[in-house]
Amino acid sequence: MTDPLALDPVLPPRERSERSARRWNEDLPHDERYEHFEAHVLGGGKIEPNDWMPDEYRSAVLRFVEMHANSELMGVLPEREWIMRAPTLRRKLALTSKVQDEVGHAQLLYRVAEDLGKPREAMFDDLLAGKTKFHNVFHYPTRTWADIGVIAWLVDAAAIVAQQALRDSSYGPYSRTMQKICWEESVHIMHGRDVVVTLANGTTAQREMLQEALDRWWGPLMQMHGPRSDRSKDRDLHWRIKARTSEELRQEFLTIYVPRILELGLTIPDPELAYDKAAGEWRYADPDWNELRTVVTNHGPKSQERLEFRRLNREATAWVRAAVLAEPKAAA
Amino acid sequence: MTATTIASALDAPTRTALAGFLLAMADDEFVIGFSDSEWTGIAPILEEDVAMSSIAQDELGHARALYELLAGLLDDGRDADALAYDREPEAYRHARLLDHGRGDWAMTIARRFLYDTADAARLASIGAGWPPLAELVAKIRREERYHAMHALAWVDRLARAGGEARARFVAALDELARDAPSVLATPGGEAALLEAGILGRSMAAAFDAWRSDVAGVLRPLMTPLALEPAADAARHRAAPSDDFRWLWGEFTSVRRSEPGATW
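Those protein sequence lines, which keep their order, are chains A and B.
Residue numbering for the first sequence is 1 to 332, as defined by the working numbering.
Residue numbering for the second sequence is 1 to 263, as defined by the working numbering.
Calculated directly from the structure, the hints in this document are not laboratory data.
C-beta: ideal position from N, C-alpha, C; glycine also.
Heads up, a few of these hints could be off.
If we take Cβ atoms under 10 Å as the criterion, some of the chain A residues that face chain B in the derived model are [as the list claims (entries may be wrong)]:
| hint | residue |
| --- | --- |
| 1 | Arg-85 |
| 2 | Leu-93 |
| 3 | Asp-101 |
| 4 | Trp-145 |
| 5 | Thr-198 |
| 6 | Phe-309 |
| 7 | Arg-314 |
| 8 | Trp-319 |
| 9 | Val-320 |
Could you build the full structure based on these sequences and the hints that come with them?
In structure tokens, the structure reads:
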């Protein structure tokens with residue numbers, strides 16, 4: 001039975017009245033609606049699913065959220081291989097819980113995307129057909145237990161730098177979802193850091209395993225936020241779907257994490273990496289943007305294998321979804 | 001008061017019987033937790049993926065708590081991780097029911113249903129004779145209620161779905177029915193456990209209760225399962241399958257790569 005409280009309006013009265021006021025423009029001509037929309041978004045306002053929005057905004061948010069959802073979904077594959085191999089009960093529980101969180105994030109994000117008009121099954125179809133993308137870091141293999149530490153600590157850290165900025169997104173449901181996701185990601189970083197610190201303080205073989213993992217992941221990490229872009233030409237920034245440029249995110253990641261990596265006695269595999277005090281920013285070897293383009297168009301080392309794994313798995317479990325979505329029959 | 005100090009009140013045969021019983025329960029939870037966690041990231045529906053991962057974590061948490069009790073009882077320097085991981089495959093004492101590979105979703109649900117109901121009957125058999133176990137069991141039973149609700153909802157759904165889903169589910173139950181009673185096989189030294197009040201009823205009595213629970217659930221859905229009591233725990237909790245040997249190879253691989261290291 002539904003709890004009667006659950007049916008009460010969730011938003012406090014002030015926000016409710018603002019929301020209904022934003023149905024402002026149902027009778028206005030398109031250009032005037034557009035102006036209202038722009039003024040609202042540029043003034044820091046949020047857009048809700050039932051608000052009027054230009055088609056370009058709707059498809060830009062959908063593209064952004066769908067890729068994020070795809071990344072969470074594909075991002076579970078490199079790590080779940082190691083759930084079986086986690087070397088202690090505590091690590092096993094932490095890793096299962098972390099991967100579970102990522103699946104939960106995928107579910108939340110696909111729901112945000114569904115509300116924008118694209119059914120979940122259509123999003124899976126497009127992902128598996130290679131029509132939509134997922135983040136570069138999830139196209140690489142996980143070779144050792146140290147990868148599990150480096151992914152949870154540094155890949156999640158690089159992601160959270162971007163995700164924290166998305167809590168201010170102009171699209172209301174996305175910004176609220178990001179609040180929950182960021183909180184959970186911060187727990188993942190603590191788990192990753194603990195795995196990494198344990199290895200760094202461990203045997204010679206464990207330290208070597210950790211350095212080798214960092215050497216492999218550094219390139220993809222530096223590519224992860226994408227090439228420098230022109231702020232004035234980025235429509236996602238203009239509409240505040242996202243809040244910060246690729247370079248701003250990369251600089252923040254370096255500022256926070258370079259000292260922490262060095263503190264552990266690890267070597268960062270970029271001889272050009274240095275902080276330029278005069279310019280107030282990090283200098284680094286130009287990331288391999290060709291590699292990024294190759295990888296995110298599904299030509300990375302594990303792209304096809306992981307997509308094929310998802311296709312086979314989806315096929316093998318289709319009968320379960322059919323059973324759940326069908327009307328129950330009388331028992332024989 | 002620790003398990004070690006409380007255990008010192010028990011006589012030697014009772015301690016041995018209790019250690020065997022704890023190891024069997026812990027291994028059951030450990031192995032089913034592993035099988036369930038194989039679905040993390042690839043379950044048929046995202047919502048179900050999250051649910052199955054939670055169940056797997058509960059089972060692994062129970063396994064850890066039981067291994068910790070056992071570590072206190074044995075007091076031989078091994079901790080819960082050493083007990084869980086550092087044994088040869090032949091030394092695991094999980095029930096034959098859990099010795100099958102993960103299988104498809106129908107096998108997973110059939111196994112969960114049979115195990116959850118049998119485990120509930122086992123947990124209900126534990127008396128107050130050894131307080132550390134009685135306290136832990138009270139906590140475990142609170143969580144297991146939700147696992148049972150989850151399993152029963154799926155049993156109903158698959159059995160009533162007809163077609164491929166029902167056929168797969170019925171086949172999975174048939175395949176597992178022979179091994180299901182192994183969860184409630186009579187443990188070594190059961191008389192001592194009953195005498196000390198660690199068990200409030202025999203596993204044979206638990207088996208009877210479980211068999212009627214299972215029949216009650218399945219009666220409206222299908223022809224009943226033939227469930228025969230498993231008398232001897234030694235036979236029903238030994239000689240692991242190739243599926244388990246594969247699982248063992250996986251879950252010990254990182255640990256064996258650098259023996260004695262901290263992870």
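Results of checking the hints against the structure:
1. Arg-85: holds, 5 Å
2. Leu-93: holds, 6 Å
3. Asp-101: The hint holds - Asp-101 (chain A) has a Cβ within 10 Å of chain B, the shortest such distance being about 9 Å.
4. Trp-145: Nearest chain B Cβ about 5 Å off; hint holds.
5. Thr-198: This interface hint holds because 6 Å falls under the 10 Å limit.
6. Phe-309: holds, 8 Å
7. Arg-314: holds, 9 Å
8. Trp-319: Status holds, d = 5 Å.
9. Val-320: Since the shortest Cβ distance to chain B is 4 Å, the answer is holds.
Hint check: no violations occur; every hint is consistent with the structure.
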